[in-house]
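Undergrad: Here is what each chain is made of, one letter per residue.
There are 6 protein chains.
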Amino acid sequence: MPIERVKTGIPGLDEILNGGIPRRNVVLLSGGPGTGKTIMSQQYLWNGLQMGEPGVYVALEEHPVQVRINMAQFGWDVRPYEREGTFAIVDAFTGGIGETAKRERYVVRDPTDVGLLIDVLKEAIRDTGAQRVVIDSVSTLYLTKPSVARSVVMMLKRVLSGLGTTSFLVSQVSVTERGFGGPGVEHAADGIIRLDLDEIDGELKRSLIIWKMRGTKHSMRRHPFEITDKGIIIYANKVLRVTRRGVYEETVSSEES
Amino acid sequence: MPIERVKTGIPGLDEILNGGIPRRNVVLLSGGPGTGKTIMSQQYLWNGLQMGEPGVYVALEEHPVQVRINMAQFGWDVRPYEREGTFAIVDAFTGGIGETAKRERYVVRDPTDVGLLIDVLKEAIRDTGAQRVVIDSVSTLYLTKPSVARSVVMMLKRVLSGLGTTSFLVSQVSVTERGFGGPGVEHAADGIIRLDLDEIDGELKRSLIIWKMRGTKHSMRRHPFEITDKGIIIYANKVLRVTRRGVYEETVSSEES
Amino acid sequence: MPIERVKTGIPGLDEILNGGIPRRNVVLLSGGPGTGKTIMSQQYLWNGLQMGEPGVYVALEEHPVQVRINMAQFGWDVRPYEREGTFAIVDAFTGGIGETAKRERYVVRDPTDVGLLIDVLKEAIRDTGAQRVVIDSVSTLYLTKPSVARSVVMMLKRVLSGLGTTSFLVSQVSVTERGFGGPGVEHAADGIIRLDLDEIDGELKRSLIIWKMRGTKHSMRRHPFEITDKGIIIYANKVLRVTRRGVYEETVSSEES
Amino acid sequence: MPIERVKTGIPGLDEILNGGIPRRNVVLLSGGPGTGKTIMSQQYLWNGLQMGEPGVYVALEEHPVQVRINMAQFGWDVRPYEREGTFAIVDAFTGGIGETAKRERYVVRDPTDVGLLIDVLKEAIRDTGAQRVVIDSVSTLYLTKPSVARSVVMMLKRVLSGLGTTSFLVSQVSVTERGFGGPGVEHAADGIIRLDLDEIDGELKRSLIIWKMRGTKHSMRRHPFEITDKGIIIYANKVLRVTRRGVYEETVSSEES
Amino acid sequence: MPIERVKTGIPGLDEILNGGIPRRNVVLLSGGPGTGKTIMSQQYLWNGLQMGEPGVYVALEEHPVQVRINMAQFGWDVRPYEREGTFAIVDAFTGGIGETAKRERYVVRDPTDVGLLIDVLKEAIRDTGAQRVVIDSVSTLYLTKPSVARSVVMMLKRVLSGLGTTSFLVSQVSVTERGFGGPGVEHAADGIIRLDLDEIDGELKRSLIIWKMRGTKHSMRRHPFEITDKGIIIYANKVLRVTRRGVYEETVSSEES
Amino acid sequence: MPIERVKTGIPGLDEILNGGIPRRNVVLLSGGPGTGKTIMSQQYLWNGLQMGEPGVYVALEEHPVQVRINMAQFGWDVRPYEREGTFAIVDAFTGGIGETAKRERYVVRDPTDVGLLIDVLKEAIRDTGAQRVVIDSVSTLYLTKPSVARSVVMMLKRVLSGLGTTSFLVSQVSVTERGFGGPGVEHAADGIIRLDLDEIDGELKRSLIIWKMRGTKHSMRRHPFEITDKGIIIYANKVLRVTRRGVYEETVSSEES
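Chains as they are written, first to last, in full-length UniProt numbering: chain A, 1 to 257; chain B, 1 to 257; chain C, 1 to 257; chain D, 1 to 257; chain E, 1 to 257; chain F, 1 to 257.
To be clear, the hints were calculated from the coordinates, so they are not data collected in a lab. Don't take every hint at face value.
[Unchecked claim] If you only want the chain C side, here are some residues facing chain A, beta carbon under 10 Å, derived:
(1) R109
(2) M154
(3) G162
(4) F180
(5) I192
(6) I210
(7) M220
(8) V242
(9) E250
Glycine residues also receive a C-beta, built at the ideal position from the N, C-alpha and C atoms.
So here's chain A without its partners, still in its complex pose:
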């Protein structure tokens, strides 16, 4: 039985994932500040909408109104899809307070209550028939309570995978951390994509690496990427090498990838 895959549509990403993300996988999108986690997760949802796959974005870090503005800056206007019922933003940011918040449909009244968040999320998934879900960020749910990190991720995993969605959990790590969000979190995820922004000899370089992805082969290399005004572009045929002799990008033939 061949594995079912979800195409991310992000240039270069499906190629290094050997065709896409295995369906129902819960993928940790892990990185420091400014690495492009939010953009990549929104691009994943937008591309799904273009392919006819409904999606849900859970906003824990930003006002839903701001989320729409930010996405629009890349040409991703989600409002028509919200109107036709194939896209939804779950507002887990405002607590329903404020004028604009009153116009939101999916509101988590108490964003610190994970059980409540899951109830609203389930409703949004069922209403839209979502096949893609993003939670931005999952770290917010246990920032001050690291001991509950594993159980929170486990609960989300059961719901997201159980309802048949393929999801990105945005995981914020500090700029100096080299892990992906703690042992309880990084072992629970089906996949880990790590985004990096490193200063090398006075220049900032962007790269990503697929650390694990259950159910598929994937590139075992660190790939450079760029954030353009159309979104993220990953160079599947390039590898960023940081060695003792310096840093350089090397073009590799696709057979080697």
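Chain A is fixed; fit chains B, C, D, E and F onto it per the hints.
TA: Structure of chains B, C, D, E and F alone, referenced to chain A:
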């Protein structure tokens, strides 16, 4: 009196273990996320079934249904063995909640109760006549209570060794940790196999090393391995060297191994 | 829709920001002691006043009287602007105690009460019609309570962005820290500018790097800067490289910048 | 007055100890998992029995039955000596619970009670006339209470030295620790022998170093050793050097040792 | 308005400070044990007395009697100045207990009470008309309560600056610390002078660096210094460079300084 | 007034101390396990007795009987001096419990009571007219209460210096620590002598460095030393250099020392 050994059947592993794991040993299978611990432990059980040795898998991280699906992706369909009573999955994940969980035979109602888990495990071992046991993962049992780690491992060791099984305890360490799971755990185990996934010059490399194995000589080298769609293959005649002058694989004659 | 930008007027900074800071962004100005955070933030406000953009400075580290003296040393005499109502200092330092404090208009009676601080800040923004705000330093608000850091920054962000201002949050990090102020803070900001003072081979070198800036492209290089008696000058066409072979400044053509 | 020495009988060890361990010394045998601490301590006791010196082994990590099996694998069958009353195992593992435990003569009913353990130990020393004692491991006694480490070691030292025995305290350190068991412990011991297992360029290497030994000169070098099926062999005329230019073993003349 | 400066009179220091310390600055004198912090602070006060500027020394680490003896060893006999009322030692060491303590004029009865210390300090400043103050050490005031460090330094700063004095706060850091005394302290000071004592290739080297100094340009280099029997001499025209190729002192022309 | 000095009589030490330790100094003798702290401190006392200077040794780590035996192994038989009343051992080890302890004259009944220890110490100093005191080790007094370290050292300093003695406080640091015993301790001492035992390329090397010594110039170099059967010998005309190019000993002319 020659030592009794259990053949893992994993390509390359028995060779570097000088013939297999000494019977009744409790082996820590330690590694970071994405290193292949779960796959190796399931392959060990499957190979046992092919050799007529019953086994038990304790699922603490994943739904039993998902465990069966994951194993099947490598061609390891355990359902016939479950039906004939030579294989069992102990469900220490669902707590018996959910439709599919109701169909499981070995369920730990409260997965946080180690005493209860041991009772169900004993029952499964006796019912199946298990000679091989996997606990995936033992870290889950003390993730938020590190002070009990040693006593938990000691309790399991008494039961597993006492009932004559040869077992793998999957130990999750963070991607940046270099130990095997803490002093209380790593000294208590009869053997330690460490799986690694390291980024070297922009490429991910898999390797393992036998850190200790009571009762037998073993390879004192770091061996590269691969995860294929048939499971893990270890290169017993290769050594992965990471030196100041770079990283390279070297083929060694078997006499040296 | 082209992005609206706020010109900082700081020599070199707008150039490496591709024209200025996107309006409504909340920018973390992060650095160790002696790196020039306060000077840069005051220069940003002063330049705004010269361009007809009112501003507010929240003083948490220094007496308002001393703030005026310090600014005057660079030729930035804010008193005329305070009189005409286009500039205000919010005194969150004295608690209203002391003779000179009695003459301040915007006083936070209890500087440990963030809610109160926000109320006074809102009043000052509305009275002046401020388009630029500086909070110096935001770290003071959670120095002894790191667990509230994220919520404090989130609250400020809602107010500052909601009222249409473009703001600098001064973030103090220790001289040996390499992050920007903790995960809760650095992920919440729309932009991060890091100021550094490093001893290299017996010499102190100043440099800055734009780590992230939502809504615009920006230089991906580390730029040297100087503190002169007219304020800060950033060398947009130079890059400070610290490599294994030593440290050197290199002039780059503006196309590359 | 020439110093009295206890011959360990371990090949190479007495040579690098300038003739043996000064009588009544309490020696910390410190090392990570898999370094051979237990084997060396058991070999020390067995060799004593061959020279007519009675001994006591305190089992804190392993069932007494398993201790006898493990020793027998090296050809060290202690049962005849137990029968004739010149060797004893103090069972501080089972708490007297279990069928086989009932047959043990020296049982510590509550292994967490150090006072009780010392009482049973004294009795065993007096009954056997023990001149050699091993406590395996002393770390177990304060694993979860590091603040009592020094007082526990001090108490043991008073008894062991007071009764005229020469003893090994097995000290477990984590694989990544470079100390010997904490300041309270390492300063209290009369001697420290450190066993190491290091991965160097993809190969595991065994070595030991005598860090201190009150009352005698000793080798100031790191010596390679091996674990054979007859026990440990130390290469007194070799030194393991790990330098910036690589690792190598060098043979040194005995005069230099 | 040209900036008013206080001449330290310490050979080389005023030169690298571009003429002296800006009046009213509160300067952190930070360094490990044995770096010469106390000597430099006492030399600063003594030189003030020679220029007709009264001073106060707050003794928190040493008996006032011993302070006078130590200063006298460098030829700095403060007793005549104490008699004429232009110098005072505040005894925050003895608590007024002991025969010799009874003869002290400025005694802090409870040295753990910072409010009380400030009251006595104010009195001493007013009585002497002090223009220079040293607190040796400020670290003592929060050694066991790091969370109050910032507020203690802030309180002192208000008093010292408010009364018009130019002061040195001696800050003790551990020999392995690279900061200046914690974020709350190092950001609050107007200036930071760091004294270092480093072992380089088997030799101890003394050097200092002006990390920051509000209101003036200053040397951006690390300068070697010596402690002679006449006090400290700083080599303003030398720089101590510690590079990958070794350590060396280099003489630089004063224009470059 | 020339400074009064106490000759240690330890070969090489007075030479690198420019003639001896300034009278009344309280010197921290700091080092890891096995570095020779106890031997050096006992040699200092013994040499005093040979020069007619009475002394007191406070035993916190070892039974007084064992202290006498250990000293005798170097030919230092203190019993005649104890009989004539010019030497005393303060027993702060046994608590007065045990047969041999009953014969001790200076016993601290409760070794955890620092006030009591100081009372007994004062009595012993007065009875013997001690000019030299050793406390072995001072670390024991605050091992489990680091927050009281500074106040304990301060109390001892007042007594030891007040009674006119010149003293060594033995400070135990862990083998991996690079400080001298914590900030509260290392800043309080008048002098710091650091003893080191380092493994360099497979060989253990002994060396010491005078980190600080109030009231005198001293060698600023790291000197190799040896422990012989006559005690410690320091090579004042040699320096141990550990550089990037390797480790070597270099003979230096005494003028340079």
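Undergrad: Does each hint hold? Answer for all of them.
TA: Tested hints:
Hint on R109/C is violated. Least Cβ distance to chain A is approximately 26 Å, over the 10 Å limit. Given the 10 Å rule on beta carbons, the hint for M154/C holds: about 8 Å separates it from the nearest Cβ of chain A. Contact between G162/C and chain A, as hinted, is supported at the beta carbon level, the nearest pair being about 9 Å apart and thus within 10 Å. Hint status for F180/C: holds, given a least beta-carbon distance of 6 Å to chain A, under 10 Å.
This hint holds: I192/C has a C-beta 6 Å from the nearest C-beta of chain A, less than the 10 Å allowed. Interface hint status for I210/C: upheld, as the beta-carbon distance to the closest one in chain A is roughly 8 Å, under 10 Å. Against a cut-off of 10 Å between C-beta atoms, the interface hint on M220/C holds, since the closest Cβ of chain A lies about 4 Å away. With a least beta-carbon distance of about 7 Å to chain A, the hint placing V242/C at the interface is held under the 10 Å criterion.
At about 8 Å, the closest approach between the beta carbon of E250/C and any beta carbon in chain A falls short of 10 Å, and the interface hint on this residue holds.
Checked against the numbered hints above, the structure violates only hint 1.
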